[in-house]
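Visitor: Residue numbers (the UniProt record's numbering), protein chains in the order written: chain A, 1 to 279; chain B, 1 to 279.
Some hints could be false.
Unchecked claim - Derived DSS-like pairs (lysine-lysine); straight-line CA-CA distance at most 30 angstroms: (1) Lys154/A with Lys2/A; (2) Lys215/B with Lys226/A; (3) Lys154/B with Lys215/B; (4) Lys198/B with Lys274/A; (5) Lys274/A with Lys215/A; (6) Lys215/B with Lys198/B; (7) Lys198/A with Lys38/A; (8) Lys226/A with Lys215/A; (9) Lys215/A with Lys226/B; (10) Lys154/B with Lys198/B; (11) Lys215/A with Lys274/B; (12) Lys226/B with Lys198/B; (13) Lys198/A with Lys215/B; (14) Lys154/B with Lys2/B; (15) Lys147/B with Lys2/B; (16) Lys147/A with Lys2/A; (17) Lys226/A with Lys198/A; (18) Lys215/A with Lys215/B; (19) Lys198/A with Lys215/A; (20) Lys274/A with Lys226/B; (21) Lys198/B with Lys215/A; (22) Lys226/A with Lys274/B; (23) Lys215/B with Lys274/A; (24) Lys38/B with Lys198/A.
Read the hints as simulated data drawn from the structure, not as lab findings.
Keep in mind that this is a model prediction, so the values were computed, not measured.
Protein chains: 2
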Amino acid sequence: MKIVIQGLGEMGASLALSLNAQPEHQVIGVDQDPETLKHALNQGLVVETAAQLTAVASQADVIILATPVSGIIQAIHTLAELPLNPDVIITDTGSTKRDILTEVDRHLGHVAFIGGHAMAGTHLSGVTAANSQLYQQAPYFLIPNQKGQAALPKLQDLFAPLAANFTTMDVTTHDRLMAMISDVPHIAAFALMNAAVKQLGDASEFGQYVAGGFKDTTRIAASDPKLWTDVLMSNPAAVIASNQQLIAELTAFNQALATQNTDQLLRLIQSAQKARQNL
Amino acid sequence: MKIVIQGLGEMGASLALSLNAQPEHQVIGVDQDPETLKHALNQGLVVETAAQLTAVASQADVIILATPVSGIIQAIHTLAELPLNPDVIITDTGSTKRDILTEVDRHLGHVAFIGGHAMAGTHLSGVTAANSQLYQQAPYFLIPNQKGQAALPKLQDLFAPLAANFTTMDVTTHDRLMAMISDVPHIAAFALMNAAVKQLGDASEFGQYVAGGFKDTTRIAASDPKLWTDVLMSNPAAVIASNQQLIAELTAFNQALATQNTDQLLRLIQSAQKARQNL
Numbered sequence: 001m002k003i004v005i006q007g008l009g010e011m012g013a014s015l016a017l018s019l020n021a022q023p024e025h026q027v028i029g030v031d032q033d034p035e036t037l038k039h040a041l042n043q044g045l046v047v048e049t050a051a052q053l054t055a056v057a058s059q060a061d062v063i064i065l066a067t068p069v070s071g072i073i074q075a076i077h078t079l080a081e082l083p084l085n086p087d088v089i090i091t092d093t094g095s096t097k098r099d100i101l102t103e104v105d106r107h108l109g110h111v112a113f114i115g116g117h118a119m120a121g122t123h124l125s126g127v128t129a130a131n132s133q134l135y136q137q138a139p140y141f142l143i144p145n146q147k148g149q150a151a152l153p154k155l156q157d158l159f160a161p162l163a164a165n166f167t168t169m170d171v172t173t174h175d176r177l178m179a180m181i182s183d184v185p186h187i188a189a190f191a192l193m194n195a196a197v198k199q200l201g202d203a204s205e206f207g208q209y210v211a212g213g214f215k216d217t218t219r220i221a222a223s224d225p226k227l228w229t230d231v232l233m234s235n236p237a238a239v240i241a242s243n244q245q246l247i248a249e250l251t252a253f254n255q256a257l258a259t260q261n262t263d264q265l266l267r268l269i270q271s272a273q274k275a276r277q278n279l
Numbered sequence: 001m002k003i004v005i006q007g008l009g010e011m012g013a014s015l016a017l018s019l020n021a022q023p024e025h026q027v028i029g030v031d032q033d034p035e036t037l038k039h040a041l042n043q044g045l046v047v048e049t050a051a052q053l054t055a056v057a058s059q060a061d062v063i064i065l066a067t068p069v070s071g072i073i074q075a076i077h078t079l080a081e082l083p084l085n086p087d088v089i090i091t092d093t094g095s096t097k098r099d100i101l102t103e104v105d106r107h108l109g110h111v112a113f114i115g116g117h118a119m120a121g122t123h124l125s126g127v128t129a130a131n132s133q134l135y136q137q138a139p140y141f142l143i144p145n146q147k148g149q150a151a152l153p154k155l156q157d158l159f160a161p162l163a164a165n166f167t168t169m170d171v172t173t174h175d176r177l178m179a180m181i182s183d184v185p186h187i188a189a190f191a192l193m194n195a196a197v198k199q200l201g202d203a204s205e206f207g208q209y210v211a212g213g214f215k216d217t218t219r220i221a222a223s224d225p226k227l228w229t230d231v232l233m234s235n236p237a238a239v240i241a242s243n244q245q246l247i248a249e250l251t252a253f254n255q256a257l258a259t260q261n262t263d264q265l266l267r268l269i270q271s272a273q274k275a276r277q278n279l
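Okay, chain A solo, but in the shape it has when bound (with noise of 0.2 angstroms):
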């Protein structure tokens, strides 16, 4: 098959990496950077290149965007002017997916497009972050429009050298799951952190003091702002329940200490045991 992927950052270039090893496939890389392109085309992550997705949308089999979600519905707005494969796959990597879903549903109805969100990625970037190993039991979430349902099977199989773990849901499910799993969680550490310095001062007067338990609660506090507003941004609804939620059960810890309440405390803190010894 003839994959295009746009993007070839750390996702669309281990994506290339592992289905250009593939002899029945070959990989067109897209990417703003020449030195990318030509990085990906000497190591063999892609057999051919292009500065543009219109230069080579129409002969792919499948379409993979792997840009910042900004991108992505830019790319989905050229893809519904272009003439297109009538059997095309298009997916993508984006973290978020009600918007892009939303933009495919507007401008690419006729076309089977497969959402996808995989729970992989490091603190490295770019082409040379290309990993083979990448996606690799990481859990990796299958969102198909309404044509992309039958396509379903099709795109497994041909990311099965991943190896990852596939869901197939809906993208209100998808974002639910992401608002507790993985937004709030941000959030919460942020918030930690903020609370931390009104309390405290600055960090680097009581960071000497903290133990691994703070450094692990806090760790993903230091991930990119931009990248977290924009992550937010795009899933308000969601992440404002599912930090309510959060909100409720740090009250009932204050109202149990507050009313002396041992055994309500214990309740507390051993359905929370239990829980995160389950994970």
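Position chain B relative to chain A; hints supplied.
Guide: Same frame as chain A, but now just chain B:
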């Protein structure tokens, strides 16, 4: 010096190991469990053992109370009734200090007492967890009573082989610091697990989807419920205040999301990221 250590769990046994290795000191171990005492003697952690503090306390130059907090408070009452070396220094290893210092003021005001709290410890327990590196580089808080002030240099000299980072502070500062850097992070981890279960159902179901961020942020939710109920209940005022600060910060995120105030959201995340990087 003759050093009596009551409680040969991980904390006490590790102290015994480091101190008994110094030729100028003799460590006497006290523990309810005969097997623990036998093991400590066989491994050279102590030169002598006793089942009861009353049997050996009077000959001690230094007494280290290394049991759970309830046992430390009981030992303070016991020591108040015994003839002690007039220059004795008593210290402890309890993670909460207000109750202990209050009991000391009531019953042992005539003695040099230096409350101790090391930010050290692993998931291991018991005498077999003795580890000469346990306190290395760890923050180690010293909270003296009035008579204990003058004895600080002597205790720090004795504890030099631990290679810990000693800081002297008063009990209010200690409790406020602990509430924010240890107690509330635990509550946040507990509350996040409880919120996730309420939103998503059983952890053995949604657990397959979680990535490293969720796992790190909730790692300490697996801590011992009984121990943490005691810890939180012994420091309620400071914990409630710090938890309220966390709730206020989480609420600020929801307000920014609800009003689509992207600039405000970005500022909240930027301040958290900066603080985390300065830790």
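Visitor: All the hints need checking, so say for each whether the structure fits it.
Guide: Structure-based check of each hint:
For the hint pairing Lys154/A with Lys2/A, the CA-to-CA distance comes to about 14 angstroms; that is within 30 angstroms, so the pair holds. Note on Lys215/B and Lys226/A: the hinted pairing holds, with a Cα-Cα distance of about 23 angstroms set against a maximum of 30 angstroms. For the proposed pair Lys154/B and Lys215/B, the alpha carbon gap of about 43 angstroms is over 30 angstroms, so the pair is violated. For a cut-off of 30 angstroms, the pair hint linking Lys198/B to Lys274/A stands: about 14 angstroms separates their Cα positions.
Restraint check for Lys274/A and Lys215/A: satisfied, since their Cα atoms lie roughly 22 angstroms apart, inside the 30 angstroms limit. The hinted pair formed by Lys215/B and Lys198/B meets the criterion: a straight-line CA distance of about 17 angstroms does not exceed 30 angstroms. Restraint check for Lys198/A and Lys38/A: the C-alpha separation of about 49 angstroms exceeds 30 angstroms, so the hint is violated. Taking the CA atoms of Lys226/A and Lys215/A, the gap is near 22 angstroms; set against the 30 angstroms cutoff, the hint holds.
Restraint check: the Cα-Cα separation between Lys215/A and Lys226/B comes to about 23 angstroms, which is no more than 30 angstroms; the hinted pair holds. In summary, the hint linking Lys154/B to Lys198/B is not supported, as the alpha carbons are separated by about 53 angstroms, beyond the 30 angstroms threshold. Note on Lys215/A and Lys274/B: the hinted pairing holds, with a Cα-Cα distance of about 14 angstroms set against a maximum of 30 angstroms. For a cut-off of 30 angstroms, the pair hint linking Lys226/B to Lys198/B stands: about 23 angstroms separates their Cα positions.
A hinted pair counts as satisfied when its Cα atoms are at most 30 angstroms apart, and Lys198/A with Lys215/B qualifies at roughly 26 angstroms. Proposed proximity of Lys154/B and Lys2/B is supported: the alpha carbons are some 14 angstroms apart, at most 30 angstroms. Taking the CA atoms of Lys147/B and Lys2/B, the gap is near 20 angstroms; set against the 30 angstroms cutoff, the hint holds. Taken as a hint, the Lys147/A and Lys2/A pair is honoured in the structure, with Cα atoms around 20 angstroms apart against an allowance of 30 angstroms.
The suggested pairing of Lys226/A with Lys198/A holds, with an alpha-carbon distance near 23 angstroms, which does not exceed 30 angstroms. Between the alpha carbons of Lys215/A and Lys215/B the distance comes to roughly 13 angstroms, so the proposed pair stays at or under 30 angstroms and holds. Straight-line distance between C-alpha atoms of Lys198/A and Lys215/A comes to about 17 angstroms, which keeps the hinted pair within the 30 angstroms bound. Using a Cα cut-off of 30 angstroms, the hinted pair Lys274/A and Lys226/B holds, with the two alpha carbons roughly 13 angstroms apart.
Note on Lys198/B and Lys215/A: the hinted pairing holds, with a Cα-Cα distance of about 26 angstroms set against a maximum of 30 angstroms. Between the alpha carbons of Lys226/A and Lys274/B the distance comes to roughly 13 angstroms, so the proposed pair stays at or under 30 angstroms and holds. With a CA separation close to 14 angstroms, the supplied pair Lys215/B and Lys274/A stays within the 30 angstroms bound. Among the hinted pairs, Lys38/B with Lys198/A is inconsistent with the structure: their alpha-carbon atoms are about 50 angstroms apart, more than 30 angstroms.
Violated hints for the displayed structure, listed by number in ascending order: 3, 7, 10, 24.
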